[in-house]
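Visitor: Now for the letters of each chain:
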Amino acid sequence: MTEIPTTSAFTPERLAKVKEIIARYPEGRQKSALLPVLHLAQEQWGWLSSEVMDQVAELLSIEPIEVYEVATFYTMFHLQPVGKHVIEYCRTGPCCLMGAEGVYDHLQARLGIKTGQTTPDGLFTLKEVECLAACGWGPVFQIREKYYMNLTNEKVDSILDELSK
Amino acid sequence: MAIKILTEHSHIPGIETFDVYRKNGGYTALEKAIKTMSPEEVVEEAKKSGVRGRGGAGFPMGMKWGFLAKPEGVPRYLVCNADESEPGTFKDHYLMKTIPHLLIEGMIISSYALGANKSFIYVRGELMYVIQILEKAIAEATANGLLGNNILGSGYDLELVVQPGGGAYICGEETALLESLEGKRGNPRNKPPFPAVKGLYQSPTVVNNVESIANMAWIINHGGEAYASVGIGRSTGTKLISASGHIKKPGVYEIELGLSVEEFMNSDEYCGGIRDGHHLKALVAGGSSVPIIPAHLVYKTANGEDRLMSYESLSDGGFATGTMLGSGGFIVFDETACIVRNTWNFSRFYHHESCGQCSPCREGTGWMEKVLHRLEHGHGSMHDIDLLVDVAKKIEGNTICPLGDAAAWPVASAIRHFREEFEWHVSHPKEATLPGAVYKGAAVLA
Ligand SMILES: Cc1cc2nc3c(=O)[nH]c(=O)nc-3n(C[C@H](O)[C@H](O)[C@H](O)COP(=O)(O)O)c2cc1C
Ligand code: SF4
Numbered sequence: 004m005t006e007i008p009t010t011s012a013f014t015p016e017r018l019a020k021v022k023e024i025i026a027r028y029p030e031g032r033q034k035s036a037l038l039p040v041l042h043l044a045q046e047q048w049g050w051l052s053s054e055v056m057d058q059v060a061e062l063l064s065i066e067p068i069e070v071y072e073v074a075t076f077y078t079m080f081h082l083q084p085v086g087k088h089v090i091e092y093c094r095t096g097p098c099c100l101m102g103a104e105g106v107y108d109h110l111q112a113r114l115g116i117k118t119g120q121t122t123p124d125g126l127f128t129l130k131e132v133e134c135l136a137a138c139g140w141g142p143v144f145q146i147r148e149k150y151y152m153n154l155t156n157e158k159v160d161s162i163l164d165e166l167s168k
Numbered sequence: 013m014a015i016k017i018l019t020e021h022s023h024i025p026g027i028e029t030f031d032v033y034r035k036n037g038g039y040t041a042l043e044k045a046i047k048t049m050s051p052e053e054v055v056e057e058a059k060k061s062g063v064r065g066r067g068g069a070g071f072p073m074g075m076k077w078g079f080l081a082k083p084e085g086v087p088r089y090l091v092c093n094a095d096e097s098e099p100g101t102f103k104d105h106y107l108m109k110t111i112p113h114l115l116i117e118g119m120i121i122s123s124y125a126l127g128a129n130k131s132f133i134y135v136r137g138e139l140m141y142v143i144q145i146l147e148k149a150i151a152e153a154t155a156n157g158l159l160g161n162n163i164l165g166s167g168y169d170l171e172l173v174v175q176p177g178g179g180a181y182i183c184g185e186e187t188a189l190l191e192s193l194e195g196k197r198g199n200p201r202n203k204p205p206f207p208a209v210k211g212l213y214q215s216p217t218v219v220n221n222v223e224s225i226a227n228m229a230w231i232i233n234h235g236g237e238a239y240a241s242v243g244i245g246r247s248t249g250t251k252l253i254s255a256s257g258h259i260k261k262p263g264v265y266e267i268e269l270g271l272s273v274e275e276f277m278n279s280d281e282y283c284g285g286i287r288d289g290h291h292l293k294a295l296v297a298g299g300s301s302v303p304i305i306p307a308h309l310v311y312k313t314a315n316g317e318d319r320l321m322s323y324e325s326l327s328d329g330g331f332a333t334g335t336m337l338g339s340g341g342f343i344v345f346d347e348t349a350c351i352v353r354n355t356w357n358f359s360r361f362y363h364h365e366s367c368g369q370c371s372p373c374r375e376g377t378g379w380m381e382k383v384l385h386r387l388e389h390g391h392g393s394m395h396d397i398d399l400l401v402d403v404a405k406k407i408e409g410n411t412i413c414p415l416g417d418a419a420a421w422p423v424a425s426a427i428r429h430f431r432e433e434f435e436w437h438v439s440h441p442k443e444a445t446l447p448g449a450v451y452k453g454a455a456v457l458a
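Those protein sequences? They're chains A and B, same order as listed. Using the working numbering, the first residue of the first sequence is number 4, and each one after it goes up by one. Using the working numbering, the first residue of the second sequence is number 13, and each one after it goes up by one.
Just chain B, with the same shape it has in the complex (with noise of 0.2 angstroms):
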């Protein structure tokens, strides 16, 4: 059996509940934390450990806590992005659902680690029934002494808050959310300085994804270095993969990092295989905001080697072959999929979610959208598509923060990829815009 670091028990009836939760050994991470060890040495254990960020940037998450700074009688703050929106991820809302308890361990074990006494989970305000649930875990941990003042007798209050977004993407980078937090609109702030010196209210302040803090009470309570045994090279650990698209067997799974790919998909503990009767055309590996890729380099690597489901084996080739990990949006299309159909969807919402402070993006994912929804609906051109790849350049590393690029890459990759179904779109209007209709040229993987 795969090892299960945080879906352990997540099939247990009832494990949403505090009682379950602490029968299954909930709770005692945070008992030994606290009792048996000082702030730094959790802090020690999250470094050992290699975990890295979960919400799609990566890095390494003792070494972030590492930054906080800490001025004397100043507060810190930790704050929980809960804001899950990037398309093709679903793994927070289900950790979340199904087994709350284990963010709120995480939550009071990070907390003491980073000496916050008010810690923040900011939920994407479309989830008020997750928040329902976050809420009466809370309250339930309360009652049995785990959170509020003086908790289990060692000294140390902390107050957990769940705070509801307003629906926007944009919020879930992390300084744009911080200002949500502060009541304003989520337009992400210049960096420097970064949180970990000015964060939240001006305070110093640690973001971390649901999943890389749920992770922290079986790092505390196997140890670091047990859980950097677990994966491969520096993807320590396992990951949480939301799979969807054209699969058997969409949903949430957690693989041990380093797990191939080909197994992933085909395997029937996980995706089960492309749907019958139908074959792999591309896979977005996580998340909308990464590369797509064409089937023939989803089980491989441009050098033929096995791809792996690890940080650097998904970004093996770089933009020219690879793809990335991500947030672990795991989405799959067959050859029912138009790629330009879809290239266009996505770029829609880029334009959508643009907070619009930055002209690139601002305008970039307009222009973008425009030609786009040209291109699939048959009025395109050639010089369009060349058009769609400057667009997509002059956005790059042009902005605040990185929704421009996650509008970008999408874009850029479709069209390195999949050359020829834009091409077909413009040379065949009639044909491309029938109901259902998709470019019969792509390759497939029988």
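For reference, chain A alone in the conformation it holds in the complex (with noise of 0.2 angstroms):
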């Protein structure tokens, strides 16, 4: 799980990188750098928790109710404690055809885990998502920016193997 509290501030880096995604926006609508400051508020404390949504709507001087009904609205947003690493599973059609539902199986299984599930160590989160546009080289998941393609039981170890080091 998350070891930052999530009382504390931006960092400086972000908090300035914040003030530059405002100004890409016309006078007045800075409303839009929402999601992008979402994004990078997950990316320092792993989720939203809603002292760090606060904060955000004071940033973007927009209320707090504002970033809550966007933040439940958009599924890469996570708003409960996390794992390290979380796992972003395609299930949808295409993947499946590629073979996608027996490797899920294995992921789980190698994990000791179900979807939605952290592991003890608080390592691994499991998300099934939908389609990541990707179909061609399914199976596939996603770990923050990075994506695994081309997914096998074999391929699914090593990565985790990688990962656990």
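Mixed in with the good hints, there may be bad ones.
Stated by the list, open to error - Pairs of lysine-lysine, DSSO-like flavour, derived with a Cα cap of 27 angstroms: (1) K109/B / K148/B; (2) K34/A / K148/B; (3) K109/B / K203/B; (4) K59/B / K149/A; (5) K382/B / K117/A; (6) K260/B / K20/A; (7) K196/B / K34/A; (8) K34/A / K82/B; (9) K158/A / K109/B; (10) K148/B / K149/A; (11) K382/B / K130/A; (12) K130/A / K196/B; (13) K130/B / K59/B; (14) K47/B / K34/A; (15) K117/A / K82/B; (16) K82/B / K149/A; (17) K442/B / K34/A.
What the hints contain is simulated information worked out from the structure, not anything from laboratory work.
Starting from two chains that each stand alone, build the complex the way the hints lay out.
Guide: Okay, structure coming up:
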């Protein structure tokens, strides 16, 4: 689970980045920065607590409710603490044709957890997602910005071994 | 060799960098447009090319540009739709990561044509690594005087912003995308007003797909008429096809529109045929939202004509016997695929992705998923099959945005063509629920 207290502030580098993002939009349209700033926040804290979302609201001069309603709409945002590596696994039709269901069974067995759960050591959280726009390269999952494609049971094992080191 | 308009240079090492792209003729179209053409002349070339929107609906791009309102003193926006979330579609992902400058060049040319000084590329948030590639390309173009203030000394200014989504298929719908870009939930807007009149920040806006815009460099270099001479009839130019499923060579291929489906499926240049030892059972030709067709309607239309990769030929026969080109997501099923399971999977997708604004879509997609789950897991009844048809009919045409239709068509077409397979799940629940079980009675092509 995440070690960083969610009451802490954005790092100075990220604060500078927030300012840079806000400047991309026309005057008075700073709310457009919401999604990119939420991504930035999730990068720092791993998930979005209400304290973090309140901070974002303040930075963008909008109401906290405007942040909550957006954070709950989009599936990439984690509203609960998650493990160090969140494995987002595609469960949609084309990947299933490429054998995704069998590989997913293996992944769950190997980690000893089911969809939505986190391993007891806090290393991995497993999440099923819809199509990742990589259908011909399936089965596929992603961890942060990295795509892992053409997965097989063996490939899954070596990725997990690598990330467990 | 088949003509390549978008991918001619995609195999050149380093083509993602400015220098290599430039050495291979990159940004010459931009120079030509900005130095020698008026914005209206650029729009004219887009019109002449006949290029149709590659995001799924196939609306002529030049005509759309012609509708853009131009009130005095109000900014206009161009927004590129790079949300690519339609199951079976991964061509924009491929194009942006492989040859990002082609999109950037297209964006600058198109923004110039429309008189936009700030344009956006809205990329699905999961593709964060692609966003980084695009931002790097933008920085390179800016450093070389092709973006920013006074581009090539023309007095034209443009800023390009890459915006990440947050994980929501519905944000591919253009008005949901604009809401999302304004920092809101992705709820599609009621139309009218259309984005061409009131779009981003209530200003006139054009939304176009990545592939549509990427065509502009070639169109400017060679002329709209040359583009229109490629392809067949009103399906002008080339199309990127995302091929997945039970074929030998899944991947993204650029084809000239009008190529026969049989050649695309079986030639070594493209899909390479069905996997060894297996047989074609069904095809979804244009992404999960379009109707599925059985093997006997894949290579030939119901009239016995060759089926071609074009807007017209793929939809020949309408919903009774045709499908659609859509976004070009070509999903191939062999005899090991269970149509009921796949239909349930797609329904779950649409239910998950419905924004929930309209009750026919919100409730209907939920019902369809539930009933299909029941059928797939051996608890269904014959009545359930008719219930599905009924629910699909009630969603179709009764919603704010086309996601409702997109959810209904795959279900209606699967039952239309594979009804026996659904009935078998009801009559043989034990057999049908064994791992990997598939109905053996469906016709396949040897
Ligand atoms: C539910 C839904 C999802 C869509 N997803 C996409 C998408 O991911 N990419 C895209 O370009 N168009 C998508 N569209 C189509 C857009 O609304 C719009 O027509 C398109 O971006 C216009 O660009 P084009 O004319 O260049 O195709 C979607 C439409 C609907 C109804
Ligand atoms: S049809 Fe569905 S996705 Fe589209 S606006 Fe209505 S509820 Fe939302």
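Visitor: Indicate, hint by hint, whether the structure satisfies it.
Guide: Against the structure, the hints come out as follows:
{"no.": "1", "hint": "K109/B / K148/B", "verdict": "holds (11 angstroms)"}
{"no.": "2", "hint": "K34/A / K148/B", "verdict": "holds (25 angstroms)"}
{"no.": "3", "hint": "K109/B / K203/B", "verdict": "violated (33 angstroms)"}
{"no.": "4", "hint": "K59/B / K149/A", "verdict": "violated (39 angstroms)"}
{"no.": "5", "hint": "K382/B / K117/A", "verdict": "holds (22 angstroms)"}
{"no.": "6", "hint": "K260/B / K20/A", "verdict": "violated (45 angstroms)"}
{"no.": "7", "hint": "K196/B / K34/A", "verdict": "holds (8 angstroms)"}
{"no.": "8", "hint": "K34/A / K82/B", "verdict": "holds (25 angstroms)"}
{"no.": "9", "hint": "K158/A / K109/B", "verdict": "holds (23 angstroms)"}
{"no.": "10", "hint": "K148/B / K149/A", "verdict": "holds (17 angstroms)"}
{"no.": "11", "hint": "K382/B / K130/A", "verdict": "holds (21 angstroms)"}
{"no.": "12", "hint": "K130/A / K196/B", "verdict": "holds (24 angstroms)"}
{"no.": "13", "hint": "K130/B / K59/B", "verdict": "holds (23 angstroms)"}
{"no.": "14", "hint": "K47/B / K34/A", "verdict": "violated (36 angstroms)"}
{"no.": "15", "hint": "K117/A / K82/B", "verdict": "violated (54 angstroms)"}
{"no.": "16", "hint": "K82/B / K149/A", "verdict": "violated (42 angstroms)"}
{"no.": "17", "hint": "K442/B / K34/A", "verdict": "violated (54 angstroms)"}
Comparing the model with each earlier hint shows violations of hints 3, 4, 6, 14, 15, 16 and 17; every other hint is respected.
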